[in-house]
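Protein chains: 2
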Amino acid sequence: MSSQSQPNLRIPGPVPLPDDVLKIAGSQMINHRGPQYADMLDRMTANLKTVFMTANDVYFITSSGTGAMETAVTNTISAGDRVLSIIVGAFGERFAEIAEAYGADVTRLVFDLGQAADLDMVRKTIRGISDLKAVIFTHNESSTGVSNPLEDLCRIIHEESDALILVDAVSSAGGVPIAVDAWGIDVVATASQKSWISPPGISMVTFSKKAWEAHAHSTTPKYYFDIQQYEDYLKIGQPPFTPCLPAMFTLDVALQSMVDEGIENVFARHHEIAQHTRDGAKALGLELLPDPRFASNTVTAIRLPEGIDGKAFLALVTRNYNVILGGGQKSLTGKIFRVGHMGWVEKAHIDEALKAAEETLRSMSS
Amino acid sequence: MSSQSQPNLRIPGPVPLPDDVLKIAGSQMINHRGPQYADMLDRMTANLKTVFMTANDVYFITSSGTGAMETAVTNTISAGDRVLSIIVGAFGERFAEIAEAYGADVTRLVFDLGQAADLDMVRKTIRGISDLKAVIFTHNESSTGVSNPLEDLCRIIHEESDALILVDAVSSAGGVPIAVDAWGIDVVATASQKSWISPPGISMVTFSKKAWEAHAHSTTPKYYFDIQQYEDYLKIGQPPFTPCLPAMFTLDVALQSMVDEGIENVFARHHEIAQHTRDGAKALGLELLPDPRFASNTVTAIRLPEGIDGKAFLALVTRNYNVILGGGQKSLTGKIFRVGHMGWVEKAHIDEALKAAEETLRSMSS
Numbered sequence: 013m014s015s016q017s018q019p020n021l022r023i024p025g026p027v028p029l030p031d032d033v034l035k036i037a038g039s040q041m042i043n044h045r046g047p048q049y050a051d052m053l054d055r056m057t058a059n060l061k062t063v064f065m066t067a068n069d070v071y072f073i074t075s076s077g078t079g080a081m082e083t084a085v086t087n088t089i090s091a092g093d094r095v096l097s098i099i100v101g102a103f104g105e106r107f108a109e110i111a112e113a114y115g116a117d118v119t120r121l122v123f124d125l126g127q128a129a130d131l132d133m134v135r136k137t138i139r140g141i142s143d144l145k146a147v148i149f150t151h152n153e154s155s156t157g158v159s160n161p162l163e164d165l166c167r168i169i170h171e172e173s174d175a176l177i178l179v180d181a182v183s184s185a186g187g188v189p190i191a192v193d194a195w196g197i198d199v200v201a202t203a204s205q206k207s208w209i210s211p212p213g214i215s216m217v218t219f220s221k222k223a224w225e226a227h228a229h230s231t232t233p234k235y236y237f238d239i240q241q242y243e244d245y246l247k248i249g250q251p252p253f254t255p256c257l258p259a260m261f262t263l264d265v266a267l268q269s270m271v272d273e274g275i276e277n278v279f280a281r282h283h284e285i286a287q288h289t290r291d292g293a294k295a296l297g298l299e300l301l302p303d304p305r306f307a308s309n310t311v312t313a314i315r316l317p318e319g320i321d322g323k324a325f326l327a328l329v330t331r332n333y334n335v336i337l338g339g340g341q342k343s344l345t346g347k348i349f350r351v352g353h354m355g356w357v358e359k360a361h362i363d364e365a366l367k368a369a370e371e372t373l374r375s376m377s378s
Numbered sequence: 013m014s015s016q017s018q019p020n021l022r023i024p025g026p027v028p029l030p031d032d033v034l035k036i037a038g039s040q041m042i043n044h045r046g047p048q049y050a051d052m053l054d055r056m057t058a059n060l061k062t063v064f065m066t067a068n069d070v071y072f073i074t075s076s077g078t079g080a081m082e083t084a085v086t087n088t089i090s091a092g093d094r095v096l097s098i099i100v101g102a103f104g105e106r107f108a109e110i111a112e113a114y115g116a117d118v119t120r121l122v123f124d125l126g127q128a129a130d131l132d133m134v135r136k137t138i139r140g141i142s143d144l145k146a147v148i149f150t151h152n153e154s155s156t157g158v159s160n161p162l163e164d165l166c167r168i169i170h171e172e173s174d175a176l177i178l179v180d181a182v183s184s185a186g187g188v189p190i191a192v193d194a195w196g197i198d199v200v201a202t203a204s205q206k207s208w209i210s211p212p213g214i215s216m217v218t219f220s221k222k223a224w225e226a227h228a229h230s231t232t233p234k235y236y237f238d239i240q241q242y243e244d245y246l247k248i249g250q251p252p253f254t255p256c257l258p259a260m261f262t263l264d265v266a267l268q269s270m271v272d273e274g275i276e277n278v279f280a281r282h283h284e285i286a287q288h289t290r291d292g293a294k295a296l297g298l299e300l301l302p303d304p305r306f307a308s309n310t311v312t313a314i315r316l317p318e319g320i321d322g323k324a325f326l327a328l329v330t331r332n333y334n335v336i337l338g339g340g341q342k343s344l345t346g347k348i349f350r351v352g353h354m355g356w357v358e359k360a361h362i363d364e365a366l367k368a369a370e371e372t373l374r375s376m377s378s
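Chains A and B, in that order, are what the protein sequence lines are.
Everything in the first sequence is counted per our numbering, starting at 13 for the first residue and increasing by one.
Everything in the second sequence is counted per our numbering, starting at 13 for the first residue and increasing by one.
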């Protein structure tokens, strides 16, 4: 990974891809209305259900993860519906903006950057909103390296309301357990370029029976992201619109290999490499941004020491070590750096990235 | 192309890709918020303007061509606006459906399958609609192999109205001249898997000043396809949402090579291979579906002889000759077959496809 031609890309997605996956991404085009595609779609649908531990419907959409978040909103919520948006960072704010763009009456419950959602506050806020239609939130906030306690949040929402649960799991799904049926999640949104060891281009959603009932009553205008189109075409083994084949080809392989490996092993692997990253950062005397109880298993956010120019730091790490780290976004710009560890990651990748950070910080402090 | 592992894919997109392009599609991921992406986006934007002969803005969106059509509609039209939809086939009907999904008051002007839009009828219809906000239509109807007379249509619309002109050029752009500025087209929509010698995953749009003025007054809800997001991020050399990198990488190369070849030469090449296809079909005694004056230069639709089972025909051509042809859609199912010739096409590819069709038809008739 450290040759001049192959930087060690450690942003939280797109993830670097091993050579055999790149070869699959460069496979010849096929007829997306023919039997080969139908077989692939059938297999992918079954395997994605396995990863999400669900009997709910699942669909593949050609868009970024934001398109899947819009799909979650526009298919279940109508203008005027009351929505609670739990926000622990930039992507939580985006989810709220999408709901507002489509006319939802959004209540924002915002937590400090680096913190997860507080369960008691969530409970109290839900009690204060009558006719709550949906609760929307980010599972893994890649802007701060925080994972919300998904199972606990779902339990509390179910205890306190009949609201739909729409989860942005773009940067967690595939690397972290999400028991869609056991936890009662109505829509999960994710995207190919994260833990799924694929290029960007395909987003994925799960849809519960309750989400379908909401769809039947939703007055929100939609076409490209209308999940009914995906369902109608799935029945004949086709996509409604020409799909991003490179990402479909690699996702097919990735999903099969996750199922073959055993999803509990995939999740354990992500936990182990995340712990290795956190331990390594702490060994360098660096402080993690997130509350350690909620540190993400797919991306680690590390505070930059006082007085370090964050932009110069990232540039030096790339120029001198051929390592590409994530920076901070919005109010965290220049204050943190982020190390992605989702999908295909070896300890050597992490060690090289941390060594580059360490030596660069030392050179900047001297 | 005729080896067992590489079928001769002659559907009207996704187009088959040469080996060097497939290798580029399988390139390693990069940071889409870094300088390498910014350079690429800058170069692609300039080259796409050259191909469209325009000074208008152009944008790259991660979606199929239908997403670009939705972008055209939702950014310029508001609920209740009067829209004329000129329909010569399945994709024209789709454009009308998108406008209706977002509440437009759509008048449909429908022509027989195989016919292009009649200019006098278009003129008369426009005169009958007061406060016409937009005229929407398909340039190249890939379901029938018909190309509408784009320059003439634009002239008449401008003569008769102040309406916006929104063109679905998904299957024509890149292979056929579209002089966006000279003809006064407000939005053109196209997609990577057609004449652009790229996999599906990226759609492209042009936006005129008049389209931007309409955007400022549009009350249609939107987020993922809100062109303002693409404009805001373009200024800092970034995409608003993680882009389909495989298709961006190949589009970059394709756009540069089109500009280097000279776009007039690219269009001449498409005309020549289309004429070769039409001549070849006629030499076999087969009849073309479209009115010859409006036969498409990117896809040829050929009538199946009476009594031939169209589904069996397509299956036999694939099984016995490893050639994949397009079938007919909706009311044309079983009545035609289609040969795509956009992007990278050699005469041998066409000859092989026509020979497979000829021998299969002979075997089915005997």
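It is possible that some hints are incorrect.
Just so you know, same-sequence chains aren't split out, so a pair can sit in one copy or run between any two.
Unchecked claim - Calculated pairs, EDC-like style, for lysine to aspartate or glutamate (alpha carbon to alpha carbon, straight line, at most 20 Å):
(1) LYS221 x GLU171
(2) LYS342 x ASP244
(3) LYS323 x ASP51
(4) LYS294 x GLU243
(5) LYS342 x GLU243
(6) LYS222 x ASP244
(7) LYS61 x GLU105
(8) LYS294 x GLU318
(9) LYS359 x GLU273
Keep in mind the hints are simulated off the structure, nothing from the lab.
Within a copy, between copies, both or neither: where do LYS342 and GLU243 come within 20 Å Cα-Cα? The answer is between: 19 Å across copies meets 20 Å, while 38 Å in one copy does not.
Go through the copies and call it for LYS359 and GLU273: within, between, both or neither, with a Cα cutoff of 20 Å. The answer is within: 19 Å in one copy meets 20 Å, while 47 Å across copies does not.
As a check of your reading, is LYS222 near ASP244 (CA-CA no more than 20 Å) within one copy, between copies, both or neither? within (18 Å within a copy, 37 Å between copies)
I want to check one pair: LYS221 and GLU171. Are their C-alpha atoms no more than 20 Å apart within a copy, between two copies, both, or neither? Result: close within a single copy only, 19 Å intra versus 52 Å inter.
Evaluate LYS294 and GLU243 at a C-alpha cut-off of 20 Å and name the case that applies: within, between, both or neither. For LYS294 and GLU243, neither the intra-copy (48 Å) nor the inter-copy (40 Å) Cα distance is at most 20 Å.
Should LYS323 paired with ASP51 be assigned to within, between, both, or neither, using CA atoms and 20 Å as the limit? Only across copies: LYS323 and ASP51 sit 19 Å apart there, 47 Å inside one copy, limit 20 Å.
Cα distance capped at 20 Å. Does LYS61 pair with GLU105 within a copy, between copies, both, or neither? neither (28 Å within a copy, 34 Å between copies)
Same-copy or cross-copy closeness of LYS342 to ASP244 [CA-CA at most 20 Å]: between (41 Å within a copy, 15 Å between copies)
How do LYS294 and GLU318 come out at 20 Å by Cα distance, when the copy is not named: within, between, both, or neither? Cα proximity of LYS294 and GLU318: one copy only (16 Å, versus 76 Å across).
Hints 4, 7 from the earlier list are contradicted by this structure; the remaining hints agree with it.
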